[in-house]
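*Asks:* Each chain, written out:
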Amino acid sequence: MKEHPDAQYYIRGIELPETEVSTDLEPWGETRVVGKPLPRVDGYERVSGTAVYPADLTLPGMLYGAILRCPHPHAMVTAVDVRRAAAMPGVRAALTAFTPLDRATRPHADMIRTQLFDPHCRFQGEAVAAVAAETAYQARDALRAIQVQYEERPFLADERKALEPGAPQVRDSGNQAGETQVYQRGDVARGFAEADVVLDQEYRNECEIHTPMELHGCVARWDGDRLTLWESTQGVYNVQMQVAATLGMPFSLVRVVGHYMGGGFGSKLQTSKYSVVAALLAKTTARPVKLVLTREETLLAVGNRPASNMRLKAGVKRDGTITAMQFWGSGASGSEPAGGVSLLDWPVRDTYTCANVRTELTDLLINAGPARPFRAPGHPQGAWALEQMMDALAEAIGMDPVALRVRNVPTVSQARGNVPYTSTGLRQCLEQGAAAFGWDAVRAEIARQGNRGTVKRGVGVAAGLWVAGGGGPPSTAVVKIFADGSVNLNMGASDIGTGTKTVMAMVVAEELGVAPDAVEIEHADTGSTQFATGSGGSKTVPTESPAVRAAAVDVKRQLLELAAEELKVEVSTLTLRDGKVVSTQDPAVTRSLTELQGLRRRRSLTGVGYRGPNPANKAVTPFAAQFCEVEVDTASGEVRVVRFVAAHDSGRVMNQLTYQNQVFGGITMGIGFGLTEERVLDVDQTGKMANLNWHDYKLPTMLDVPADMTCVPIDPKDTECNATGAKGIGEPATIPTAAAIGNAIYHATGVRVTHTPVDPLRLVAALAERGEG
Amino acid sequence: MPRPRPTADPAVITLEVNGERCAVAFAPHKTLLEVLREDLDLTGTKHGCELGECGTCTVLLDDAPVLSCLVLGLACDGRRVRTVEGMAEGARLHPLQETFADLGAAQCGYCTPGFLLTAQALLDANPRPTRDEIKAALAGNLCRCTGYLKIYEAVELAAARLRGEDAEPARETLYGRR
Ligand code: FES
Ligand code: FES
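Protein sequence lines, in the order shown, are assigned to chains A and B.
Going by my numbering, the first sequence runs without a break in its numbering and finishes at 1107.
Going by my numbering, the second sequence runs without a break in its numbering and finishes at 180.
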């Protein structure tokens, strides 16, 4: 399989570790613990206020750091005068591009190598200087006293103008990041010639920003040459490796701890400059430093889902065969190459059977904060185009939209050279989702009622798949069992709020016959836990759970061997249940763990598990179909989402509750993407962001989300994908949502709004164009 | 090396925090949020914006929910404050905390303290709220993880239990639709 050239680092092929991987785990049959709706093992900490997030930490002698950011979209810093700031009460350090500490170029982010405080500021919010002071107020006051001379440059804020002659240049190399990427299979010209209907439509999505509730931030402390960072991150090892590389330190001397964090959604997968800045401030002052960004800073400088411009041309035969699809996409990485069109064409390439496909992707630069992976990069946008096109095609040939999709469910991953999927539940998602929703009945009812008032009802469907399901190596986990039968799990993975700890405790409990909350967990600490990749891309459970299972099985094997010797029976007849070794054949043969002499002598046994490779020449992919009902007020342009049914094939459901959490959270994020969220740049006048707060950057609230959301889990019993059968649910949950709403709006009004967010202004304008409203 | 702390003359106020009277000295420009987190070490109260937009910093001031990032510490002299740390009795969680934990209404948990206190104020005033009343009461609290559904369900279940009913979560709440 050829990797998507623009694949994010967390799904790029990673070499296998040169350790023995456990490949001999039989798939589970009936499970006793896994799959149950169990509450979080750390629920108490999260509801009682005792969980310590990085911003909650106070260390003796700790200073507060703050970063001065460029107020212009494009400027050269010609001079920075910190003398007045440095002399203010409580100020202990000030760093700028002109302090010796920052003279070197530093590889402080993937692919970017500049000074930390690069005098060439290419976006509003670029770091210009930093201070550390005794209190947070003193630090903020000091920032205001720093005098910076900016030489403003012409800016480019609209990527649609990036390639026009005379457009301001974001980087010397121009406004395009890399070559235009072309993918092709079959012959689209021939495909279009075979079609009975060919449709061609443009689509656009505005830029969406992650804005987790918890601000980005960390606490940095040095002990001699060793640095410890308490970081709000999705991957402690990501931060360890990047900070070490930037500061020129061995990995082993950088310890990153990330026990609790308040959401990331991709914006905390990679390392941010502020972590390096905090480390340097702490080094300079020989004091611990806490550096927490403000909400404004997080809206400007720690990533976004880039705006996308798409055109999709598609041909279909009367019988529902899709004959050809041609897709053009462009997107805005921001001020540096950052995946502006990352995976944008994947839905078109792989969701439906189609022999002739051609896609072209162009990544553009603008003077705005760089993109970062955001829950299913590229996919909600690609699905916004593809799934609305599917509806339009269905209408054009007089076929039901669900039926057209079912007709074209693929059994192989065409974009990967026709390798089969380990499992595909897309058909079941569509059919069982439609049944749970009452699709046929509600459509018939709306048709009968005629939708005559100003408030119009409509229903919509959209499907989706996620490219990077299934996870993969490397990952190592360690399970320890003590002489009293209690268990400790050690893994490097972060629990970013999704329930990773809970699911892994359940896996251990399943194998060792103990209660999940009896499993003590050490996690997300590079100083004391095993290596794990960052938690993102829906890959945490499918990556970590097989390694954890292998570790538990390893310790179980050792334990049963000890027991078999003492009980003088065949080891194959023994298993663990409720803290005892029991025979599967003779109920009289039983021994509690605490009575095992071998375990008493050793005091503990340790099992190690590694994540093995995914099956060769197979694709592991989660699928989804979502259905929604909306009410559109054609007078005001308001859309009310009335209900959602989400049918998902993400492989085994590891925990019903954490699974539903992902689905409902994903739908809500999709509602934001489709209806309310937009980074507004003042593209003509100042180039600055015009909605730098949550009042103007609108997240869905409880009033915007239907109380009627239903999750229909589809478990295809995938025994091939990995040793636990889970494929990942976080990203797929948000992929079809906006497109389903778009289709429902069309069903209600007959007007297709192709531009997100579909806010009242855009909808009223579209209705007016059609002579309504 | 001496480590001088803030220079401004501290303000000293007396307030009742989670049932205990205490005196606290702090720089007079600080918000209640900062006083709680920095001067009283009550870091269960979180901050998401410090601009009055997210509800994450909600605490009860004389039993009414307030955004502690918008209230000056100085304005709290002689008043009663309840934070998430004051909801449990010892290690026994408040019914709202219990249902939030059991139903998965707390994912990353960052918005949770704010939701809990807003919900507590609602249930104190209205033991049998409708869904619309719950929505209206909690609409000022943002959550980026849960999608709010589990939060409704947790508030409803806790309300039933606080009324003395022997309520259990619905099957669909636990298993989705089969
Ligand atoms: S922190 Fe107070 S409302 Fe956001
Ligand atoms: S649980 Fe994460 S923000 Fe609400």
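Bear in mind the hints are in silico, worked out from the structure with no lab data behind them.
Every value quoted in this text rests on a predicted model; they were computed, and no experiment measured them.
Among these hints, one or two may not hold up.
Said to hold, decoys possible - Result set (DSS-like, lysine-lysine): computed pairs, CA atoms no more than 25 Å apart in a straight line:
hint, chain 1, residue 1, chain 2, residue 2
1, A, 914, A, 902
2, A, 495, A, 647
3, B, 137, A, 790
4, A, 814, A, 952
5, B, 137, A, 495
6, A, 370, A, 814
*Asks:* The structure should be examined with respect to each hint, and the outcome stated for every one.
*Replies:* Each hint tested on the structure:
1. Distance check on the hinted pair: residue 914 of chain A and residue 902 of chain A sit about 16 Å apart at the alpha-carbon level, within 25 Å; holds.
2. Using a Cα cut-off of 25 Å, the hinted pair residue 495 of chain A and residue 647 of chain A holds, with the two alpha carbons roughly 23 Å apart.
3. For the given pair, residue 137 of chain B sits about 24 Å from residue 790 of chain A by alpha-carbon distance, which is consistent with the 25 Å threshold.
4. Under the criterion of a C-alpha separation no larger than 25 Å, the hint pairing residue 814 of chain A with residue 952 of chain A is inconsistent with the structure, at around 34 Å.
5. Restraint check for residue 137 of chain B and residue 495 of chain A: not satisfied, since their Cα atoms lie roughly 43 Å apart, outside the 25 Å limit.
6. Straight-line distance between C-alpha atoms of residue 370 of chain A and residue 814 of chain A comes to about 24 Å, which keeps the hinted pair within the 25 Å bound.
Of the numbered hints listed earlier, those contradicted by the structure are 4, 5.
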